[in-house]
Amino acid sequence: MQYKEKVIENLYKISSPERYTGNEWNSINKDWDPERLKVALAFPDVYEIGMSHLGLKILYHLINREDDMLAERVYAPWQDMEDLMKKEEIPLYTLESYHEIKDFDILGFTLQYEMSYTNILNMLDLSGLSIHASERKEEDPLIIAGGSTVFNSEPIAEFIDLFFVGEVESILIELLNKYKTLKAEGLSKSEILKSLNKIPGIYVPSLHSEEYGEKGEILSLNSAEGEKERVKKQVVQNLDQAFYPTDFIVPYRDTVHERVVLEISRGCTRSCRFCAAGMAYRPVRERSVERLMDLAEKALKATGYDEISLTSLSTVDYTEAKKLVQAMTERFSDQMISVSLSSLRVDKFSVELAEEVNKVRKTGLTFAPEAGTQRLRDVINKNINEDDIYSAARSAFENGWSKIKLYFMIGLPTETMEDVKGIAEMAKKIRNIGQEVRKNTKKRMRRIEVSVSVSTFVPKVFTPFQWHQMDDVETIIKKHDYLRDNIKGRSFSFSWNDPELSRLEGVLARGDRRLSKVIATAWKKGSRFEGWHECFEPRIWGEAFRENDIQPEDYLRERGEEEIFSWEKLDIGIPKSFLLKEYKNAQAEILIDDCRFADCHSCAICGNFEVDLELVGGKTNELQN
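Residue numbers are given in this note's numbering: position 143 of the sequence shown equals residue 1017, and the series is strictly consecutive.
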């Protein structure tokens, strides 16, 4: 059923009605043909966040390329819209056609962040669907999910029918075609799921279970008879040949990223030991300069944007970075189209590259030293030293930047208060370098500003630190207090994460299926939008844990080397033995090099996926010169 008229006549009652109207430039409105497979793509956060998510853009246009399929979008409604929908009896609907979610064959969620899990339940409920997969009806849409947190999907496994693991471009159309065929044959949902489970990369949680011991430990991971024991992630082997959209939807309102986004590479082999994406998205694959230039031309023409963002896990590690940036600035600068870099390393090369892209408009520079001392940077395998950091800062100031933002983490393995003290000392030294340059330059230069942002380290699955315990709230607050007292003054700004929220993220990040009860209870008590500081209520979650007799500390503790993890139902291609070896290397402060330009470290990813590193510039780049 469609709800357009009812929605439009009520939108004046809420703030930001443009979140809910659709009809944007480049949105796709297909005929509601009964023969078409209908997919609702759901992002469990507000419109302006979801509209900036690259993965959703790819899925939307990839599905809509198929004549016998259509994809439409739906985002989590803010509280005022949720209240209006309940009062006016408007179910959750898609922006393209205003059809309610129940009209679709499939509802697919993008998993971006653990703190969006209650939003998933809320969106299911607003659609008139049971939150539990086992309680949904045969005629209800199939609920599927994928994305960056799929590598431990166990806390929401009770709510989702099917997960796809890895890079979905490689399997999505095959999955949808298979589902369409099976549904036409009149099979039951359970029969369909068993058949879809045979597709590589598909994880059907109802076909798997966990056995627990008296102390809550996992004794075994079990799969249904005849079903695969582990699910291997899927990888796009050639980015140049992979689908990539250029006719991005242009929103009516401000969003997080209002620009053409070009993914120049995928994967990272820097081996930062805290980084889940760096492990999960190996191996490194790069798009060619020629392909990227072609995509940029088409996307700018289709959208009218005046900025191109070059994005990857480590943008300046792209082996043709200088060539690409120079080509883009030469091609587009006369049109006042700027180029931006999504991530920089802390070195002079990054500053030089940033200087090249900022010829059109100058923005702030962001560096991520991650830790305040060299010892701790060695623990996490950051592979940068003090000279790199201060040299990059000096180069930035000398090239005209007056604002530098620094990202750090607290709570990293082996951290002491000396390491925390090092954060304040580094910030002050960088401020002093800036003031020295400003004092001695003949150029006009604004007041030096150093922004320090501190997040709390959360141990993530499939990383060397998945065994490590997480700081308690009191310790986190003590570190925050020290930094607040020692990073202050006109030249500084200091920001930090809510320690209670970080701890909850830590619980969900390494959780198992027992947490589904906690998530459901928190949602029923009104929990929504935990990622928004004004919405997060620790009291609700405390009650949810107590009512379900679950101790958060059980998930935040140090893990045993031989312990079975719930997420080991999945296979990301990197053996547990490699991760454990790296954990011990961290404790011994042993560094390993980037394997793109050094010896193989036997993470086994290339052999497991029968693919080599795809480096368009070969096994070297400007960083090694």
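Hints were generated in silico from the structure; no laboratory data involved. Treat each hint with caution, since some may be false.
[As the list claims (entries may be wrong)] Straight line, CA to CA, 30 Å or less: simulated BS3-like cross-link-like pairs of lysine-lysine:
no.	residue 1	residue 2
1	K1398	K1089
2	K931	K1089
3	K1063	K1398
4	K1089	K1222
[Claimed, not checked] Here are the in silico distance ranges between beta carbons for each label pair:
no.	residue 1	residue 2	range
5	E1417	R1364	37 to 45 Å
6	T1290	K960	47 to 55 Å
7	K960	Q876	40 to 48 Å
8	G1060	A1151	37 to 45 Å
9	S1022	R1320	30 to 38 Å
10	Y886	V1130	20 to 28 Å
11	E1421	E1299	44 to 52 Å
12	K1317	R1364	15 to 23 Å
13	V1130	R1433	31 to 39 Å
14	G1060	G1481	40 to 48 Å
Even for Gly, the Cβ is constructed at its ideal location relative to N, Cα and C.
Going down the list of hints, with the structure as the test:
{"no.": "1", "hint": "K1398 / K1089", "result": "holds (28 Å)"}
{"no.": "2", "hint": "K931 / K1089", "result": "violated (44 Å)"}
{"no.": "3", "hint": "K1063 / K1398", "result": "holds (27 Å)"}
{"no.": "4", "hint": "K1089 / K1222", "result": "violated (52 Å)"}
{"no.": "5", "hint": "E1417 / R1364: 37 to 45 Å", "result": "holds (43 Å)"}
{"no.": "6", "hint": "T1290 / K960: 47 to 55 Å", "result": "holds (51 Å)"}
{"no.": "7", "hint": "K960 / Q876: 40 to 48 Å", "result": "violated (19 Å)"}
{"no.": "8", "hint": "G1060 / A1151: 37 to 45 Å", "result": "holds (41 Å)"}
{"no.": "9", "hint": "S1022 / R1320: 30 to 38 Å", "result": "holds (37 Å)"}
{"no.": "10", "hint": "Y886 / V1130: 20 to 28 Å", "result": "holds (26 Å)"}
{"no.": "11", "hint": "E1421 / E1299: 44 to 52 Å", "result": "holds (45 Å)"}
{"no.": "12", "hint": "K1317 / R1364: 15 to 23 Å", "result": "holds (21 Å)"}
{"no.": "13", "hint": "V1130 / R1433: 31 to 39 Å", "result": "holds (35 Å)"}
{"no.": "14", "hint": "G1060 / G1481: 40 to 48 Å", "result": "holds (42 Å)"}
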